[in-house]
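Protein chains in written order, with this note's numbering: chain A, 1 to 191; chain B, 1 to 218.
Mixed in with the good hints, there may be bad ones.
DMTMM-like mimics (lysine to aspartate or glutamate), calculated; alpha carbons at most 20 Å apart, straight line [as the list claims (entries may be wrong)]:
1. A:Lys167 with B:Asp70
2. A:Lys187 with A:Asp56
3. B:Lys197 with A:Asp143
4. A:Lys29 with A:Asp98
5. A:Lys187 with A:Asp124
6. B:Lys159 with B:Glu174
7. B:Lys63 with A:Asp56
8. A:Lys71 with A:Asp56
9. A:Lys167 with B:Glu174
10. B:Lys172 with A:Asp96
11. B:Lys9 with B:Asp93
12. A:Lys167 with A:Asp156
13. A:Lys164 with B:Glu174
14. B:Lys197 with A:Asp56
15. B:Lys63 with A:Asp124
16. A:Lys175 with B:Glu179
17. A:Lys164 with B:Asp177
18. B:Lys159 with A:Asp138
19. B:Lys107 with B:Asp97
20. A:Lys71 with A:Asp86
21. B:Lys197 with B:Glu179
22. B:Lys159 with A:Asp156
23. B:Lys197 with B:Glu169
Simulated from the structure, these hints should not be mistaken for lab results.
Note that this is a predicted model, so its numbers are computed, not measured.
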Amino acid sequence: MTDHSFLTVISPIEHRRNDPDGREATIRKTLLAHEQDDSPFADCPMVHMARIQILDQAVPPMGDTSGAALKTKYLLFAIDIDGRVDDFLDSLYRRDADFVHNVWGQCIGYPDFRGAVFFRRYIDACSFSNPLGYAGFDLSVGDTLLMLTRKNVLADFVSAHQGKSDKELQAAWRKSRADLATPNLPKPESF
Amino acid sequence: MPLVPIHFKGKSNPLTVITPVKRGWGRFLTNAILFVFHHLPLGVVKQLAFIHFARWILIKGNKLPRLSEDQPVEDNWPYDFYVFTTNFNGSWDQYIDAFGRIHAVSKGLNMLWYTSEGFPGPWPMRLFKRYIHYFTAPQHLYYNAYPGATVRDIDAATKLNAEIEAFLEDTKDEMDDAEFGRRYRAFVNQVSPWLGKTGLEEKHEALAHRAVPMELSQ
């Protein structure tokens with residue numbers, strides 16, 4: 001059993017036309033490079049799921065012809081994690097500071113200084129609390145990976161030892177016990 | 001020309017829906033509804049067994065972060081944002097169908113989105129799907145710690161884990177081969193419903209690709 005935390009962050013990116021300083025382009029390029037593989041979140045063992053989205057424009061209600069629009073582009077960041085948000089932010093900064101600087105470092109108001117504490121303060125200034133959250137299960141990331149791995153190890157064992165004699169079964173089980181009790185855990189994102 | 005994947009690898013899909021809510025009474029009512037749902041057990045959602053995570057949050061449109069004097073005030077946007085984010089197994093159509101067709105869920109959703117401008121209700125499905133599609137925001141980066149597992153896989157692994165622990169304890173000492181065989185077969189019979197193998201199957205990952213957006217490929 002573990003406590004899930006939800007974090008929702010909206011950071012302003014750019015309000016001028018045509019992205020004169022290339023901030024938005026830098027963010028898009030960085031996100032594109034980590035879109036499927038090599039995610040910086042894979043090195044943070046408490047992250048279940050994460051998403052980052054660039055909100056080019058807010059969508060007004062259907063039929064609204066008033067011209068209502070936002071003046072700034074925003075970056076939406078939403079994650080589901082185990083434990084405390086600050087621990088996650090420290091972990092992300094420690095593992096991939098370049099990613100942090102190429103994404104949030106490009107946003108309006110990010111301090112000119114490097115360091116996890118400035119990242120934490122910035123995220124705190126842009127975060128929104130008290131969501132109505134639902135988690136389909138209460139396991140931590142580590143426990144989830146452990147249980148899924150055990151499931152696969154047992155499935156492999158059962159299928160490999162069908163039709164064996166009782167003596168062979170017991171001998172094989174004695175050999176495989178350690179793999180089931182303490183299996184090698186896969187890296188997050190690779191399971 | 002470089003190509004980028006059009007959908008994310010693995011068995012769960014992300015969805016973000018951002019709907020506009022009128023300020024004033026709309027904001028007040030939304031907060032009241034969220035407060036009520038905070039104190040309700042969401043057992044019905046659990047029974048659906050294909051939702052990893054879901055959340056609803058109301059973001060005040062006039063409280064968006066303004067972190068520099070140069071950044072303009074957002075005075076041309078009269079709505080709040082009602083942000084719904086979720087990760088689910090299966091296709092978008094199946095997911096939205098379940099929302100509309102399961103009575104208890106559709107009643108809950110009707111309440112949760114009641115204050116969103118133009119929300120047609122979960123029924124008829126055609127209008128509901130059009131509404132969700134219209135307000136869906138595109139994903140630019142999505143990460144999942146266990147892309148090869150569905151919620152049902154995790155549920156099965158949790159049930160299986162308790163049985164494995166018990167059987168490991170039960171068989172920690174050497175015993176008569178026939179006795180071991182009897183216990184092993186009873187164990188396998190018991191856990192067989194949860195034994196399906198889980199994980200990413202690279203050869204079945206049919207990733208479609210799209211071209212890199214023009215502004216990045218120049």
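Status of the hints after comparison with the structure:
1. Between A:Lys167 and B:Asp70 the alpha-carbon distance is near 78 Å, which puts this suggested pair outside the 20 Å criterion.
2. Note on A:Lys187 and A:Asp56: the hinted pairing is violated, with a Cα-Cα distance of about 34 Å set against a maximum of 20 Å.
3. Between B:Lys197 and A:Asp143 the alpha-carbon distance is near 17 Å, which keeps this suggested pair within the 20 Å criterion.
4. At most 20 Å may separate the alpha-carbon atoms for a hinted pair to count; A:Lys29 and A:Asp98 meet this at roughly 13 Å.
5. A hinted pair counts as satisfied when its Cα atoms are at most 20 Å apart, and A:Lys187 with A:Asp124 does not qualify at roughly 29 Å.
6. Taking the CA atoms of B:Lys159 and B:Glu174, the gap is about 26 Å. The hint is violated against a cut of 20 Å.
7. Note on B:Lys63 and A:Asp56: the hinted pairing holds, with a Cα-Cα distance of about 18 Å set against a maximum of 20 Å.
8. Between A:Lys71 and A:Asp56 the CA atoms are separated by roughly 10 Å; this keeps the pair inside 20 Å, and the hint holds.
9. A threshold of 20 Å between alpha carbons decides the hint, and for A:Lys167 with B:Glu174 the separation of about 11 Å falls inside it, so the pair holds.
10. About 44 Å separates the Cα atoms of B:Lys172 and A:Asp96, which puts this hinted pair outside 20 Å; it is violated.
11. Only pairs whose Cα atoms come within 20 Å are accepted, and B:Lys9 paired with B:Asp93 is accepted, the gap being roughly 18 Å.
12. Among the hinted pairs, A:Lys167 with A:Asp156 is consistent with the structure: their alpha-carbon atoms are about 19 Å apart, no more than 20 Å.
13. For the hint linking A:Lys164 to B:Glu174, the alpha-carbon distance of about 18 Å falls within 20 Å, and the restraint holds.
14. About 41 Å separates the Cα atoms of B:Lys197 and A:Asp56, which puts this hinted pair outside 20 Å; it is violated.
15. About 14 Å separates the Cα atoms of B:Lys63 and A:Asp124, which keeps this hinted pair within 20 Å; it holds.
16. Restraint check for A:Lys175 and B:Glu179: the C-alpha separation of about 18 Å stays at or below 20 Å, so the hint holds.
17. The straight-line distance between the Cα atoms of A:Lys164 and B:Asp177 is roughly 12 Å, inside the 20 Å bound, and the hint therefore holds.
18. At roughly 13 Å between alpha-carbon atoms, B:Lys159 and A:Asp138 fall within 20 Å of each other, so this suggested pair holds.
19. The straight-line distance between the Cα atoms of B:Lys107 and B:Asp97 is roughly 14 Å, inside the 20 Å bound, and the hint therefore holds.
20. At most 20 Å may separate the alpha-carbon atoms for a hinted pair to count; A:Lys71 and A:Asp86 exceed this at roughly 30 Å.
21. Only pairs whose Cα atoms come within 20 Å are accepted, and B:Lys197 paired with B:Glu179 is rejected, the gap being roughly 28 Å.
22. Distance hint between B:Lys159 and A:Asp156 is fulfilled; the C-alpha atoms sit about 18 Å from each other, no more than 20 Å.
23. For a cut-off of 20 Å, the pair hint linking B:Lys197 to B:Glu169 is broken: about 23 Å separates their Cα positions.
Comparing the model with each earlier hint shows violations of hints 1, 2, 5, 6, 10, 14, 20, 21 and 23; every other hint is respected.
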